[in-house]
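J.: Listed here are the chains, written in short residue letters.
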Amino acid sequence: MSHETLPRPVKTGAAPAARPDGRRRRHWTRRPDPLAGLGSIVWLTVVIVPVYAMITASLTPRDEALGNNALKPPARPTLANYSTVLHSGFFHYLWNTVLAAVAVVAIVLVLCVPLAYVAVRTRGFWSGAAFRLFLLGVAIPAQAVVVPLYLMIAKLNLYDSLLAIILPTAAFAMPVAILVLTGSIRDISEEVYEAMALDGASPLRMLFQLVIPMSKGGISTVGIYSALQAWNGFLFPLIFTQSEGPRVLTLGLFNYVSQFGVDIPALLASVVLSGIPIFAVYLVARRALVGGLMGVGGK
Amino acid sequence: MSIGAAEGGPRPGTGRPRRGTGANAGRPHAALALPGVLFFLFFAALPMVLAFCLSFTEWNGLGNPRPAGLANWRKLFDDDRLTRSLTVTVLLTVVNWAFQTVVSVLLGVWAAGRQRNRAILSAIFFVPFLLSSTAISLLFYALLDPNFGIIHGETLGSTDGAFLAIVFVGGWQFIPFHTLIYQGGARQIPEVLYQAAAIDGAGRYRRFLSITLPQLRNTATTSGVLMVVGSLTYFETVLILTQGGPGTDTAILPYLMYEAGFKSYDFGYASAIASFLVVAATALSLLLVRLSGFGTMRSTREGM
Chain A
195 MSHETLPRPV
205 KTGAAPAARP
215 DGRRRRHWTR
225 RPDPLAGLGS
235 IVWLTVVIVP
245 VYAMITASLT
255 PRDEALGNNA
265 LKPPARPTLA
275 NYSTVLHSGF
285 FHYLWNTVLA
295 AVAVVAIVLV
305 LCVPLAYVAV
315 RTRGFWSGAA
325 FRLFLLGVAI
335 PAQAVVVPLY
345 LMIAKLNLYD
355 SLLAIILPTA
365 AFAMPVAILV
375 LTGSIRDISE
385 EVYEAMALDG
395 ASPLRMLFQL
405 VIPMSKGGIS
415 TVGIYSALQA
425 WNGFLFPLIF
435 TQSEGPRVLT
445 LGLFNYVSQF
455 GVDIPALLAS
465 VVLSGIPIFA
475 VYLVARRALV
485 GGLMGVGGK
Chain B
33 MSIGAAEGGP
43 RPGTGRPRRG
53 TGANAGRPHA
63 ALALPGVLFF
73 LFFAALPMVL
83 AFCLSFTEWN
93 GLGNPRPAGL
103 ANWRKLFDDD
113 RLTRSLTVTV
123 LLTVVNWAFQ
133 TVVSVLLGVW
143 AAGRQRNRAI
153 LSAIFFVPFL
163 LSSTAISLLF
173 YALLDPNFGI
183 IHGETLGSTD
193 GAFLAIVFVG
203 GWQFIPFHTL
213 IYQGGARQIP
223 EVLYQAAAID
233 GAGRYRRFLS
243 ITLPQLRNTA
253 TTSGVLMVVG
263 SLTYFETVLI
273 LTQGGPGTDT
283 AILPYLMYEA
293 GFKSYDFGYA
303 SAIASFLVVA
313 ATALSLLLVR
323 LSGFGTMRST
333 REGM
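Order-wise, the sequence lines are chains A and B. Take the first sequence: its position 252, counting from 1, is numbered 446 in the working numbering, and each next residue is one higher. Take the second sequence: its position 303, counting from 1, is numbered 335 in the working numbering, and each next residue is one higher.
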């Protein structure tokens with residue numbers, strides 16, 4: 195790895211002379227930076243070692259694993275651990291998670307895009323108050339409300355259903371969604387609205403023909419962010435569901451701990467499997483995913 | 033679209049040009065925002081109010097809550113687990129923030145460079161973020177297992193070991209995300225600033241300290257708020273890795289609340305802890321917002 199990292203910048207550092215396009219202006223940042231090279235290798239180790247250990251261990255037969263070091267490759271690699279996991283409801287949990295994620299994204303977008311539009315385009319006490327409500331909402335930890343939510347969910351007869359996970363997850367994704375969306379809607383210049391207003395466009399029409407197309411970046415950020423909230427969600431499923439029916443992947447994983455007990459290779463196989471769907475998305479749409487998440491930090 | 037609209041543009045006598053020409057033309061009606069506001073109020077704000085109300089009751093999850101006056105709050109402030117828990121929570125927040133910020137700033141600024149090797153490594157660095165926190169906690173639970181793991185020893189059995197494990201696991205998961213935020217921030221720093229500095233003869237590290245870091249101030253606020261709020265809610269990591277142990281040494285506030293509510297079925301007391309958590313989180317965020325001007329962030333980039 196070190197041979198890959200260090201000499202490269204030298205080459206690119208020399209390159210700009212031969213490359214007369216705009217890239218040239220960055221040439222002074224292109225000299226190799228040994229300290230940065232070293233740091234990046236250190237972090238690469240930190241990232242790679244656990245991932246490597248996870249994969250080797252998940253391929254280790256159960257009887258070989260005990261007393262073994264996770265870093266040691268298995269003498270007789272096996273896929274048996276994966277088959278154990280796949281036969282323990284994995285696809286069912288995955289399906290539930292996907293359903294929940296799609297529903298959360300849909301709810302968040304349908305509710306938040308018009309809301310952010312109003313917050314940006316009207317100047318009044320109430321829209322200001324609404325914006326501030328969501329700004330404060332960023333800080334509310336979901337943990338703080340599980341007890342009353344548990345009570346409400348029970349009274350609404352939603353306990354132990356996927357909706358019990360979807361609705362609160364969507365609500366708690368809203369503050370960040372609003373922040374991101376107001377940011378990107380604010381970037382649409384006033385003149386465009388005025389031009390459309392002169393053309394007699396109604397506010398609703400502006401929403402569909404101007405605001406939504408122009409804030410695609412923000413919308414995809416919010417979509418990715420809320421999908422990840424649903425994907426990662428653990429506390430709501432833990433407390434609001436109980437049976438196998440509405441169980442999502444995170445909770446399924448957690449239950450494998452007691453189910454597999456000391457069968458650590460199977461446990462790690464379940465962790466690997468749970469990462470594969472998003473990893474596939476990452477391989478296919480890395481730019482969109484990374485670009486979208488970058489948007490959470492503001493543009 | 034605008035063609036059709038343009039035809040109807042002048043439209044004589046329909047009273048279209050509302051109240052003068054400008055400011056209010058085409059403003060959306062506030063009703064559009066209503067569904068979102070109501071949904072949020074119902075599923076996020078109302079429970080918060082309810083948590084506060086429940087903190088004055090006694091309730092074991094069955095039947096109806098019974099009023100209990102200040103009993104839960106008295107118990108809360110007499111509970112020495114709370115002081116411990118508060119200390120651990122604050123310590124964890126601060127250490128998390130420091131660890132994640134330092135690494136993310138360095139990696140983010142590094143990744144903002146357009147070199148090919150950096151792009152490739154950045155793609156690898158992002159991988160941990162693709163796993164859910166539950167999966168990551170399980171991974172390290174297995175890797176820290178004394179009989180099997182990378183480190184043969186009771187890492188999670190000692191107070192410091194358990195604490196550091198939580199910090200490390202949190203960093204391992206969230207640093208990729210914050211790196212990305214800093215990378216985005218660093219790429220927006222106007223090139224002119226670096227050109228000017230280079231002409232003045234500023235070296236690489238000088239440019240980093242005098243241009244990059246100050247210019248990342250807003251990014252640092254956003255990322256910082258997310259980190260602080262995130263640290264307050266490290267729940268699955270604690271539940272899976274340490275279960276608050278050894279003893280109650282890593283029982284951060286959310287975990288304490290979970291135990292009180294869903295293990296001891298003392299929902300009134302759990303609500304008191306939850307209310308306390310809300311107050312603490314809100315106060316902390318307001319403080320951060322004040323200190324850094326998060327609310328006015330929209331205008332800071334204008335004119336660049």
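The reader is advised that the hints may include incorrect statements.
As the list claims (entries may be wrong) - DEER-style ranges, computed between Cβ atoms:
1) A:A348 x B:R249: 42 to 48 Å
2) B:F200 x A:E438: 15 to 21 Å
3) B:V159 x A:S452: 35 to 41 Å
4) B:G101 x A:V478: 29 to 35 Å
5) A:S452 x B:A103: 30 to 36 Å
6) A:P267 x B:R249: 25 to 31 Å
7) A:K410 x B:V134: 29 to 35 Å
8) B:L102 x A:N263: 27 to 33 Å
9) B:G101 x A:I242: 54 to 60 Å
10) B:G101 x A:V236: 34 to 40 Å
11) B:L118 x A:S277: 29 to 35 Å
12) B:V81 x A:I406: 32 to 38 Å
Stated by the list, open to error - Derived, one-sided and incomplete: chain A residues facing chain B with beta-carbon distance under 7 Å:
13) P228
14) L232
15) I249
16) L253
17) V312
Keep in mind the hints are simulated off the structure, nothing from the lab. On a predicted model such as this, the values are computed, not experimentally measured, just so you know. Note that CB positions come from ideal geometry on N, CA and C, so glycine has one too.
J.: Is the distance from the Cβ of P267 of chain A to the Cβ of R249 of chain B consistent with 25 to 31 Å?
T.: With a Cβ separation near 47 Å, P267 of chain A and R249 of chain B fall outside 25 to 31 Å, so the hint is violated.
J.: Could you check if I249 of chain A really has its C-beta closer than 7 Å to a C-beta on chain B?
T.: violated, 11 Å
J.: Range first: 15 to 21 Å. Now tell me if the beta carbons of F200 of chain B and E438 of chain A are that far apart.
T.: About 34 Å separates the Cβ atoms of F200 of chain B and E438 of chain A, which means 15 to 21 Å is violated.
J.: Would the stated hint for V312 of chain A survive a check requiring a Cβ distance to chain B of less than 7 Å?
T.: holds, 4 Å
J.: When you take the CB atoms of L118 of chain B and S277 of chain A, is the distance between them in 29 to 35 Å?
T.: violated, 46 Å
J.: Restraint: L253 of chain A near chain B, CB-CB cut 7 Å. Satisfied or not?
T.: violated, 14 Å
J.: Between the beta carbons of K410 of chain A and V134 of chain B, is the distance compatible with 29 to 35 Å?
T.: Because 34 Å falls inside the window, the suggested range holds.
J.: For the pair G101 of chain B and V236 of chain A, does the Cβ-Cβ distance stay inside 34 to 40 Å?
T.: Violated: the Cβ-Cβ distance is about 56 Å, outside 34 to 40 Å.
J.: Against chain B, is L232 of chain A within 7 Å by beta-carbon distance?
T.: violated, 11 Å
J.: Taking the beta carbons of S452 of chain A and A103 of chain B, is their distance inside 30 to 36 Å?
T.: holds, 35 Å
J.: Using 7 Å as the Cβ threshold, decide whether P228 of chain A counts as touching chain B.
T.: violated, 11 Å
J.: Could one say that the CB atoms of G101 of chain B and V478 of chain A fall in the range 29 to 35 Å?
T.: With a Cβ separation near 58 Å, G101 of chain B and V478 of chain A fall outside 29 to 35 Å, so the hint is violated.
Consistency with the previously given hints fails for numbers 2, 3, 4, 6, 8, 10, 11, 13, 14, 15, 16, ordered from lowest to highest.
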